[in-house]
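Colleague: So the chains spell out like this:
Number of protein chains: 2
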Amino acid sequence: MQQIKSYIEQNKQRMLDELFELLRFPSVSADPKYKSDVLKTADYVAQKLRDAGADNVEVCETAGYPVVYGEKIINPAKPTVLVYGHYDVQPADPLELWETPPFEPTIRDNRIYARGACDDKGQFYMHVKAFELMMQTGTLACNIKFMIEGEEEVGSDNLGPFVQVNKDRLKADVILISDTAMISMKHPSLETGLRGLSYLEVEVTGPNRDLHSGVYGGAVANPATILAKMIASLHDDNNHITIPGFYNDVAELSEAERMALNNAPYSEEEYKADLGINELWGEKGYSTFERTGTRPTLEVNGIWGGYIGEGAKTVLPSKAHAKISMRLVPNQISATITKFFTDHFLRIAPPYVKVKVTPHHGGEPVVTPTDSVAYRAAQKAIAESFGKEPIPTRGGGSIPIVALFEAELGIKTVLMGFGLDSDNLHSPNEKYDVYNYYKGIETIPLFYKYFDELSA
Amino acid sequence: MQQIKSYIEQNKQRMLDELFELLRFPSVSADPKYKSDVLKTADYVAQKLRDAGADNVEVCETAGYPVVYGEKIINPAKPTVLVYGHYDVQPADPLELWETPPFEPTIRDNRIYARGACDDKGQFYMHVKAFELMMQTGTLACNIKFMIEGEEEVGSDNLGPFVQVNKDRLKADVILISDTAMISMKHPSLETGLRGLSYLEVEVTGPNRDLHSGVYGGAVANPATILAKMIASLHDDNNHITIPGFYNDVAELSEAERMALNNAPYSEEEYKADLGINELWGEKGYSTFERTGTRPTLEVNGIWGGYIGEGAKTVLPSKAHAKISMRLVPNQISATITKFFTDHFLRIAPPYVKVKVTPHHGGEPVVTPTDSVAYRAAQKAIAESFGKEPIPTRGGGSIPIVALFEAELGIKTVLMGFGLDSDNLHSPNEKYDVYNYYKGIETIPLFYKYFDELSA
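These protein sequence lines map, in sequence, to chains A and B. Numbering of the first sequence is given in UniProt numbering, commencing with residue 1 and proceeding in unit increments. Numbering of the second sequence is given in UniProt numbering, commencing with residue 1 and proceeding in unit increments.
Next comes chain A alone, as it looks inside the complex:
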């Protein structure tokens, strides 16, 4: 442990500088205009893996953005850890809400502000630096493989095929991912589940052109009004989702599980104050942790139609659109939910509009075991570096690929995230605490130590 701390101490600044360099790449996978930046990011990650001591480093082509692979096999008899992360980031808009530019990392009160600071550049790069540390201190106790992709924020469409054709190369005993959050640094936690996702875009078309709202208003259906009515109907008065069959496969938690979940430290007042809201909202009969961790949801991620420029335009729009995503829980199946939504949305479309539903992407929910060797290794690592046992929690986010790894590679995952819910993931002013960055680099080597010991 002393060895770890002193190595970090001696290389503190460089480890931060390298992360900053990584954060300066605007690797937004959703927007084609950043294509060359995303590709440059992949090359940078590959170079850093080589520098840290990885062998067989390769920027692996896919139908989309490449997957960066690298490995260090110290002894075939030792357990193997497959580290997964993603070098792509969410779009940064609305840009005007950033206090400092999203791709010019800045430190304010010991926090790194930048798009990707936490999700996931700051978190996956801890593993690159922890790997360097273990190589330099000769303490690498397991074989290690890196698989850093560039399409997580757009659904990882091409990682499935990549995994299928690289099954041998990806053989491992556990997949280790830092792309989730802890309750707080005072209350370290380990996520034991992730929600799945079904993301769609809907288009409602009324008249074949924008119309003068005076000449036609009152006689022709307004697609924005109709879309509003359709969206409004998707939740009932208890905020249950009204799509037929939506809850069919939802696994209800046992009373014990609910108790455990709700025992995690939580202050509704602090939660509301942080978000600046007066009242919480959600599905009747469930707590906040249950709502975000164990219940499926439906959110409007974006809505637009008609004139949205400055000033006033008296138009009856031809079209209105919305991006809608649903978070799924065990044992919902993404494709099934996508079909349920599509069928329902088309069914409730009134005759005076035309409705189109286009699926974007999806992913399956997962629950990770809490009795595995890997989970216990993570527990011990955190207990040692934080001086406290981690609390098991359910994450509300989605890493669609986790379910795929289990299906394709037959490997379970450990979600050892060092982020915080307040890190503004997917929001303006995304940040990652400098403390958490170093704490992760300090904790990760302990995981390898205990994973090796407990596997013996």
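FYI, nobody ran anything at the bench for these hints, they're computed from the structure. Incorrect hints may have been included.
The list cannot tell twin chains apart, which means a pair is met if one copy fits it or any two copies do.
[To be verified] The calculated lysine-lysine pairs, modelled on BS3-like cross-linking and capped at a C-alpha distance of 30 Å, are:
#	residue 1	residue 2
1	Lys-72	Lys-412
2	Lys-412	Lys-12
3	Lys-272	Lys-356
4	Lys-272	Lys-229
5	Lys-272	Lys-354
6	Lys-229	Lys-354
7	Lys-356	Lys-229
8	Lys-412	Lys-186
9	Lys-35	Lys-388
10	Lys-5	Lys-272
11	Lys-439	Lys-186
12	Lys-186	Lys-35
13	Lys-284	Lys-354
Start from chain A and add chain B according to the hints.
Modeller: Using the frame of chain A, we list chain B on its own:
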């Protein structure tokens, strides 16, 4: 009449070229970035009035865009016609839907395609050319005054003050406006009413920042979903507007008026085919003409919130917005309806969001008399040039200033419009038929002739 036709014949091309020059100015009053273009347009109009023979032409400063004034007093004993029009135009977006650029007027199958071709450059410029014609042929039978403003499309906020301080200069016996439509060239008509307007913008705020829809989704109200629910609640199942008090002052038509209105030629099949819709929508118990001409409406002119760029972003937005306008009928009062809407919208806001309502602009509805000398003069002029008596109709649009003229100047208005509902006002590919342009220039001098005769 022969004299009129031959003058038009001899000057056909020039009259079109001048309109094209006028249409090339992108005089979008709603968008500040066009400010200098709007101002240039005013100067062009002033120059053309001078060229046509107007005296005391002036580009009159206001708190906003200037009003262009010009006059020709031939004989104080003669009746005076005050011509109103506007040189500003609606925004042209969505640009990608225009077949040819909005500010590069183009003729296709004898139609002039350009923003403002009909609303209102093409229509008010007919009056400038008809005035030139009467001057050149020595047939001007009345005194004439022009008042061409530049803020009609944004509510004419500064025309009220202008009219108040220019009461003497604007003294007249009738206001003549061409900014409305006929049923068709086969069925010439005269609008006898206009709807009023109340235009507002609403903002719904949930959390104080965009959130990750996985981390927070299900526990925090989504402002886009809430806005959809609020908008959806503004119409009941019969498409009546649910705002308390909204219909209090609505004047119901007599059976006779309804009959007259519904006797106007109308084919529901053609109406639907033109708009590409399968079914009409509207307030239960009323016909299309009643819905657009005699009933108040509420339309979403624009809605936006969250991520509306390419691809997918799993965000729970902080804010959602909508531009909402209501068309008013006698005897609704714009300010009252604005207050009713605002009070209602704030009242129905659930406690987990904050709601802001900002009024944009408004205007009062009007009904013009059909027994006045001026109306009969317009009837005779149209009957002579079209060979058919005009059908009285109720227009669905708004020219807020008409009610103000009546209140401030005590002058009634004649709405002698030559447009068509299919001219795509406020839409991409706005057009004005070349035939209608010349037909207007031909009809207007006849109005002066008969207005003079009937006033005697």
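Colleague: What are the numbers of the hints the structure violates, in ascending order?
Modeller: Those not satisfied are hints 2, 9, 10 and 12.
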